[in-house]
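4 protein chains.
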Amino acid sequence: MRGQNPVFIPGPTNIPDSIRQAMAVQTIDHRGPAFAGMIGPLFDDLRRIFDSRDAAIVTFPASGTGGWEAAITNTLSPGDRVLATRHGMFSRRWIDLCRRHGLDVEVIDLPWGEGACPERIEAALAADRSQTIRAVLVTHNETATGVRSDVAAIRRAMDAAGHPALLMVDGVSSIASMEFRMDEWGVDLAVTGSQKGFMLATGMAIVAVSPRAKAAMAGAGLSRAYLDMREMIAATAQGGYPYTPPWQLFAGLRASVSLLLEEGMEAVFARHARIAEGVRAAVRAWGLPLCAARPELFSDSVSAIVVPQGFDSARLTDHAFATYDVSFGAGLGEVAGRVFRIGHLGAMTDVMALSGIATAEMAMADLGYPVTLGSGVAAAQAHFRATAAPIRAKAA
Amino acid sequence: MRGQNPVFIPGPTNIPDSIRQAMAVQTIDHRGPAFAGMIGPLFDDLRRIFDSRDAAIVTFPASGTGGWEAAITNTLSPGDRVLATRHGMFSRRWIDLCRRHGLDVEVIDLPWGEGACPERIEAALAADRSQTIRAVLVTHNETATGVRSDVAAIRRAMDAAGHPALLMVDGVSSIASMEFRMDEWGVDLAVTGSQKGFMLATGMAIVAVSPRAKAAMAGAGLSRAYLDMREMIAATAQGGYPYTPPWQLFAGLRASVSLLLEEGMEAVFARHARIAEGVRAAVRAWGLPLCAARPELFSDSVSAIVVPQGFDSARLTDHAFATYDVSFGAGLGEVAGRVFRIGHLGAMTDVMALSGIATAEMAMADLGYPVTLGSGVAAAQAHFRATAAPIRAKAA
Amino acid sequence: MRGQNPVFIPGPTNIPDSIRQAMAVQTIDHRGPAFAGMIGPLFDDLRRIFDSRDAAIVTFPASGTGGWEAAITNTLSPGDRVLATRHGMFSRRWIDLCRRHGLDVEVIDLPWGEGACPERIEAALAADRSQTIRAVLVTHNETATGVRSDVAAIRRAMDAAGHPALLMVDGVSSIASMEFRMDEWGVDLAVTGSQKGFMLATGMAIVAVSPRAKAAMAGAGLSRAYLDMREMIAATAQGGYPYTPPWQLFAGLRASVSLLLEEGMEAVFARHARIAEGVRAAVRAWGLPLCAARPELFSDSVSAIVVPQGFDSARLTDHAFATYDVSFGAGLGEVAGRVFRIGHLGAMTDVMALSGIATAEMAMADLGYPVTLGSGVAAAQAHFRATAAPIRAKAA
Amino acid sequence: MRGQNPVFIPGPTNIPDSIRQAMAVQTIDHRGPAFAGMIGPLFDDLRRIFDSRDAAIVTFPASGTGGWEAAITNTLSPGDRVLATRHGMFSRRWIDLCRRHGLDVEVIDLPWGEGACPERIEAALAADRSQTIRAVLVTHNETATGVRSDVAAIRRAMDAAGHPALLMVDGVSSIASMEFRMDEWGVDLAVTGSQKGFMLATGMAIVAVSPRAKAAMAGAGLSRAYLDMREMIAATAQGGYPYTPPWQLFAGLRASVSLLLEEGMEAVFARHARIAEGVRAAVRAWGLPLCAARPELFSDSVSAIVVPQGFDSARLTDHAFATYDVSFGAGLGEVAGRVFRIGHLGAMTDVMALSGIATAEMAMADLGYPVTLGSGVAAAQAHFRATAAPIRAKAA
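Residue numbers (our numbering), protein chains in the order written: chain A, 1 to 396; chain B, 1 to 396; chain C, 1 to 396; chain D, 1 to 396.
If we strip away everything but chain A, and leave its shape as in the complex, we get (with noise of 0.2 Å):
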C-alpha cells in the first residue's frame, strides 16, 4: 500500500491535515470582504515570522525561484553589478537568473559544502571603492548540501566594509524553521516560499522588503509586471490583489501562520533544531560524514550526507522510493551520485524521523553500505530522549 509514509525530501514537506483543509476552502469572491480583511493581520503575522518590525510583505503566486527574480527584478538595473558566493545548486541557480536579467554577478566560488564566507565578503565589498556593488546575495540555507550560512555575520562584514549594497537573502529552505532575524541582521530582501517551514502546497513566493529594499524600487530599471513589487504592495494596502490572488494558498497560510505563532518561533526552531540533531546523531553511528563542512554550517532544515567511495547515492534514493516507498532527497548537481539528502523540516516528529532514518537503514544496507542496522536509529533515540518534551516524565 504505497502513500503511507511521508517523505523526507527537503521541502515540499509533510502538510498538516489542518493545513490541508485549510486549503481545500470553496471560492470566494476575492474581492469581497473576507479577502480584503484577512491581509493586514497576515501580513502582520508574517512579519513576526521574518522577525521584523517594519518590513513590507509581498507574497506572488509563484515558487521560491520567481520570489528571487522579484527580489532583483525591483531593485536592480541592467548591468549592475551583484556579489554573490557559490557553494550549491541553488546558490548556483540565484547567479544564474541574475545573469539572465543582465545582471553583472561577482562570484566568491566555494567547495560545496562550505557556507557563504563573510571574510571574503567584507574583502570584496572593501574593493569595491566605488561602492558599484549594488546588492549581496546570500543563501541562508543551501539546500543542495544541508548548509547554513551565518547571515549575521555577512551584516557584520558589510558593515566593517562601510558598504552599502543591498543584502538578499535566500530562505527558502530556512525561514519558518530556523532562527532568521530580518530586522537585527539587516537583511533587505528575504525571500522564501510556501512549500517548506510553512508546510503548504507549492505555488506563494513570500517576500519581505526592507524600506532600503523599497526605497531602492524606484530607481529600478529591470523590468517586472507580473513581479512588480510596488503594484503588489499598493495594491494589499488595500485588501487588493493586482491580479486573482492564489485564495486557497492564502487560506492555508492564515493557518499556517497562525499554527507557528501559536507553537511559538523559539519553540519553532528548537523542534527542527532537536530533530535535526538526532538525524545527525544517526548519521555518526552510521560513520558517514555530512556534506556540510564543519557543525557550525551544519543545516536544521535538511543534512546532506556523503556516501562511501564506490556507492552512487542515486541508487540509494532510488532503491529507498521502490522498496520501501520512502522519498528522501536525491544528491544535486556537483554531489549527484555522493550525497543524499534527509529533509526533517516542516511538521516533522521525532518518530517520523526515526522512520526515515530506519528505512535509510535498511536501503544501505540493501545496497551493501557497511552500516549496521538499528545504530543510527539508536543514536537518534539516545538524543530524542534526552531532549524529550517537559512533559515527559520521569524514568522509574
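Worth double-checking, as some hints may not be accurate.
Claimed, not checked - Here are some chain C residues pointing at chain D (derived, C-beta under 8 Å):
no.: 1; residue: I28
no.: 2; residue: T65
no.: 3; residue: E122
no.: 4; residue: H163
To be verified - Using 25 Å as the maximum straight-line C-alpha spacing, the simulated SDA-like pairs for lysine to any residue come out as follows:
no.: 5; chain 1: D; residue 1: K214; chain 2: D; residue 2: E231
no.: 6; chain 1: A; residue 1: K214; chain 2: B; residue 2: R100
no.: 7; chain 1: D; residue 1: K214; chain 2: C; residue 2: G162
no.: 8; chain 1: A; residue 1: K214; chain 2: B; residue 2: R99
no.: 9; chain 1: C; residue 1: K214; chain 2: C; residue 2: G162
no.: 10; chain 1: D; residue 1: K214; chain 2: C; residue 2: D96
no.: 11; chain 1: C; residue 1: K214; chain 2: D; residue 2: E231
no.: 12; chain 1: A; residue 1: K214; chain 2: B; residue 2: D96
no.: 13; chain 1: D; residue 1: K214; chain 2: C; residue 2: C117
no.: 14; chain 1: C; residue 1: K214; chain 2: D; residue 2: H101
Stated by the list, open to error - Here are some of the chain A residues that sit facing chain D, going by a computed Cβ distance under 8 Å:
no.: 15; residue: R31
no.: 16; residue: F35
no.: 17; residue: M38
no.: 18; residue: D183
no.: 19; residue: T359
no.: 20; residue: A365
no.: 21; residue: D366
Note that these hints are calculated values from the structure, not bench results.
Virtual Cβ for every residue (Gly too), placed ideally from N, Cα, C.
Model the placement of chains B, C and D on the given structure of chain A, informed by the hints.
Leaving out everything else, chains B, C and D in the frame of chain A:
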C-alpha cells in the same frame, strides 16, 4: 449561515468536490516517478482541450497574468511593435504589461462592449509595410464586458493582410468553457489559467505554444528566467520541472482535464452556451441591456449587465453579498458602477444559475430597480426546460 | 455535470464544508485524553440545544431509528402499554418498532396531514384509570407529511389528565431546526439523529433523557445491550464509551454544535421558519395545497406538497432528478404518488431554496402541471426580501 | 506539533487519504439511483472479502458490538443455550451481551493468552446429547491478548461432534486483515466492523450470514427491530435500506473494498503477516514475551506484549502518548497494567511499524525497562529487508 451559496463571479469558479479533493493530495517527491509519469499524458490531454496537435504546453506557477507576461517575454524583444485592441479591463491590462516590458504597442481603441475588430486589425497590418509588427494580441473573452471576440476572423484578417505577426490570444476566461480551436484558428500563443474553465484554485498559468511561436523564442530579447518557456519545455519533456512544481495544482489539473474530456469538449461548450443563454433570457426579461454590443459578441462564460440610468451597480453587488451572501462580479474600469456581471462558467448548472438570477432580481428590487420579481427566472426556466438534456422525460 | 446542486430531501441535509472537514479527521486513540476531554463540554452544549438543564445525553452509533429503540427498550417492559398517535410514515414506524418489542400500543389514528391530537391523548389518558399506560409517543415533526405537532399542548393534556406516563418525542427532523423546549414541555425522552438539523453524516442517534426517564430504567424489562443507556451514561461520564465510539461523528458533532450555538438557537429557528415560509409562499402561488391540514401544523423543516389530481408525484421527483439533478423527497406510505416534499432544513439558505423552488416549477411544467413558471419563485422572493436580515441595505 | 504520527492501537486504524476523501462525500438522496446502484456490486465484493459464495451481507449503522447483538438476536430465542470460550476482553464482552439478552451461555474459561480450544468445544458439544446448544461463539482474533483462534479447527471439532449448532465468529479485528474463509470454515455468522481492516471511520457493523443462519431467523424469538436482519436483507436486495443509511460510510466502504480487492486478499494477508512478524522480531529482541501463549496463536493484526515484573504497562502507554505523541493499545481487563499492545493492521507499512517500535523502545527506556535502544528496530529491519517486495533491488 454564510458560505453555502455558489459564487457568480466570472472566475475563480465554483470548484467541484472531486477537484477540491484532488488538489488536497499530500506532498510527494516531485522528482519521483509519479510526477514524471503524469506530465506527458496530461499535456497530451491539454492539447485536446486547446484543440491543437502540435502545441507545446507550458504551465507556470502563476496567475493568468503571468501567462501573458510569459507569452511576450519569451517571443519578443525590447522595442518590438505589437498590435492590440483595447476594449475592456483585461485587454487594457495586457497592453499595460507590454509597455512595462518596453514593447511598442499600437492600440486599436474600441468602445467597451465591442470585440476585437478584424477589419481594423487587417488595416493596421496592411499598413505595416515593413512588417515590423511582431504580434497581434487578442483578448478572446473580455471578462469585464462579457464580450467574445472572433479569433477565427482575426486570423483570416491577418492572412488577408499577408502579415507574419504572431497571434497571441488571452483565453483565460474562455478556454475550457467556450469553443477554442488553436490549430484551426492559427493561434500562436494561447494563454489561460487554472481558476476558470478548469475549475481549479488560482495559481497555474497554462499556455499553449505553436511551433512558430516556439521558433520565435531563439531571437527573443526580453529577459525572462522564472517564466522562461524553453527551460520549462525542456524540463517537462523529461518529466521534470525547472523549480519546485505546484504538485497539488497538477493533481487537480489531472482530475479537471479528465472530467472535461470525459464529458467531451463539445458538450462542455454546449453546456456553457445553454446556461449563458438562460441568463441572457433573464436579462432580456428584466429589460436590461448587456454590455456586449451585439449578440454575436455575447460571451458564454460571463454576462455583463448594464444597470439603468441613475443606479450604481457597485451598490447592487455589495447589497447582494451583504444581504443574500451571493457574489456577483462588480463593474470594472470604465464600466465600474454601470454594469454588474454574472459569471456562469465552470461547474455551474442550470439550477445554480437560477438561484443567481433569482438573487439578482431580489437585490435589484430591494434597490428600486424596475424589475419584476420572477420575470428573469421564468425566462431562464423556459429556456432551460426547452433545452434540457435528452434524459429529460417528455411532458405528460 | 452532476453533483453540483443542493439536495432538497428532508434529511440527510446538505453538509457545510466546515462540518465535512471536521468529520474527515484522522483516527485518534479513543481511549486517550482528546476524546475523554471533549465529551463533557459537548454534552453540556447539547443540553442547550435540547433546552434542558438536567437531561442526560446519550449518543449511539446508530440512525435515529436506533434512538427510538433505545428510548423504549431502556424504560419499558414487555407488555407495557404505550399510547401513540399515527398520522404519517414515521409515527407508524415507531409504533411498529414498539410492537416488535412486545409493547401493547394503543394507537390514535389520525388522517395523514393531521398532528398528534392533545384532546384525544387527554381522553385516552383520562380513560386509563389504572394508569397502566407507561408512555406517550409523539412524533414532533412528521417528516412524511410536513406536520409539526404541538408537544407543549400534549404535555398540558397529560397534566390535565393527571397521568404519570413518560412523554417520548421523536424530534429527528425537528431538533436543532425547530423550536424545542425539553424542560419546559416536560419531555422525558427526546430522540434525534445526526443527519438533519445537525448537518452531519448519518450514523449517530442522539437522545436526551429526563431524570424521570432515567429513573425508569431500573425497572425496565426489555432487553438491551448495544443500546443500553445506563452503561452509556456511566461510560461517557468518565470520558469513555462502552465500545468503540464513532470518533469522526463526534468531531463533526463538536463542530456542528459550536456552529449552532454561535448562531444562537433562536436565530437558527428563525432562519428555518423564514425559509420554510418562503417555500410555502411558493406553494400557495402554485395553487397547490400542503399535506399539512392547517397552518399551525406546518413544519419548518419540510413541506409536503399535494400534487393535483391525475398526477403522480413519483414521476415528478424522478423527473426532477433525471433532468435537473435535483433531489426532492418522494411521497411515502399513504401519500406515495400524491405528495412530493421539499426539505428545507439544515444548512439551507434562501438562495438555495429559490433554486429548489425554480426547479420544482420546471419539473412540474415539464409534466403538464398547471403552474406558471416563476410564480412560486416570485412569491418566495417577496417573502425573502421582506424578511431579509437587518444587514440588508434599504431600497433606494 | 501533535497529531502527525500514526496510531498503533489495534483499531480504529490509520485511515488512508483516499478513504478519508471517499467518506467526505456530500449528501445525496439515499432513495435515488446512486445508492441503489452501489449496493449489489458492493455486497458482491464484500462476499469476496469474507470468502463466501452465498452469504447474505448485512450492514448496520452500528459498531462491531451492534454486529454481535444482531448475530444473536436474529437467530436465537430467550433461554437458548450457546457455547463460548472466554479468554480475553472481547470474548468476555460478547458473553455478557448474550446474558443480557437472556441466553444461557455455557462458558469454557481459558487463560488470557490462550485461544478457543477445539478439543474442549468438541467435548462440550459431544456432551450435549440433546443438542440444545444453538450456537458456538468464537472470537477469531482476541484484540486484548493478540490471540488468533483456529476457526477451521473449531469447525472440524463441531463436525466431529456431529453437532448442528451455528458457528458465530467475531472477526472484528481479523476480517480484511487476516486469513478468513467463511465457506471453507463453515462459519454461519461472521461479524466485523468498519474501523479495522477496512480502514474506515467507526460506525458500520458488517455481518455475513450463511444460508443456515438465515434460515434460523424465522424461529428466532429474541426481539429486534433496529438490528433486524431480515428486514435489512430484504431492503438492500431492492437497493433500499430500512431507515436512513450511513451514506458516507457506504461511500468509504466502496473505496476500501476496491482498494483491498485491487491489492488482492492474499496479498493483504501477506502484508499484515509480514509487518506483524517484524513487530514480533522486535519484541523477541527486547526479550519480552507476548501475551499469546504459542506462536500458532500469534495475531497478525495486534501484538500484546507482556511488560517485565514490577512495571506498569499503563504508565508506559501514557508516557508514550504524553512524550512522543504515539498511541499504543493499553492492557485491558485481566491484563491491564501487564501488557501493552501494538496494533499493526490496516494501512500500516513496514516503515510506520518501525517508528512505532522505535517509540516503544524510547518509552520503555525512559521508564527504566531493560531494553537496548535500537535492538527491536534492528530485528524488525532485518525481517523487513529479508521479506521486502520483489520490486526491491538486489544488494550490490
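Do the hints match the structure? See the list:
The closest approach between the C-beta of I28/C and any C-beta of chain D is roughly 7 Å, which is under the 8 Å cut-off, so the hint is satisfied. At about 4 Å, the closest approach between the beta carbon of T65/C and any beta carbon in chain D falls short of 8 Å, and the interface hint on this residue holds. For E122/C, the interface hint is violated, the least distance from its beta-carbon to any beta-carbon of chain D being 29 Å, above 8 Å. Against a cut-off of 8 Å between C-beta atoms, the interface hint on H163/C is violated, since the closest Cβ of chain D lies about 26 Å away.
Distance check on the hinted pair: K214/D and E231/D sit about 12 Å apart at the alpha-carbon level, within 25 Å; holds. In summary, the hint linking K214/A to R100/B is supported, as the alpha carbons are separated by about 19 Å, within the 25 Å threshold. A threshold of 25 Å between alpha carbons decides the hint, and for K214/D with G162/C the separation of about 47 Å lies outside it, so the pair is violated. Using a Cα cut-off of 25 Å, the hinted pair K214/A and R99/B holds, with the two alpha carbons roughly 22 Å apart.
For the hint linking K214/C to G162/C, the alpha-carbon distance of about 20 Å falls within 25 Å, and the restraint holds. Annotation: proposed proximity of K214/D to D96/C holds, straight-line Cα distance about 22 Å (limit 25 Å). A threshold of 25 Å between alpha carbons decides the hint, and for K214/C with E231/D the separation of about 30 Å lies outside it, so the pair is violated. Taking the CA atoms of K214/A and D96/B, the gap is about 22 Å. The hint holds against a cut of 25 Å.
This hinted pair does not check out: K214/D and C117/C have alpha carbons roughly 42 Å apart, beyond 25 Å. The straight-line distance between the Cα atoms of K214/C and H101/D is roughly 20 Å, inside the 25 Å bound, and the hint therefore holds. Checking R31/A against chain D: minimum C-beta separation of about 27 Å lies over 8 Å; hint violated. Taken as an interface hint, F35/A does not check out: its beta carbon lies about 25 Å from the nearest beta carbon of chain D, beyond 8 Å.
Hint status for M38/A: violated, given a least beta-carbon distance of 23 Å to chain D, over 8 Å. For the restraint placing D183/A at the interface with chain D, the shortest Cβ-Cβ distance is roughly 27 Å, beyond the 8 Å limit, so the hint is violated. For T359/A, the suggested interface contact is upheld, since its CB lies about 5 Å from the closest CB of chain D, less than 8 Å. Hint status for A365/A: holds, given a least beta-carbon distance of 6 Å to chain D, under 8 Å.
At a threshold of 8 Å, the smallest CB-CB gap from D366/A to chain D is about 5 Å, leaving the interface hint in force.
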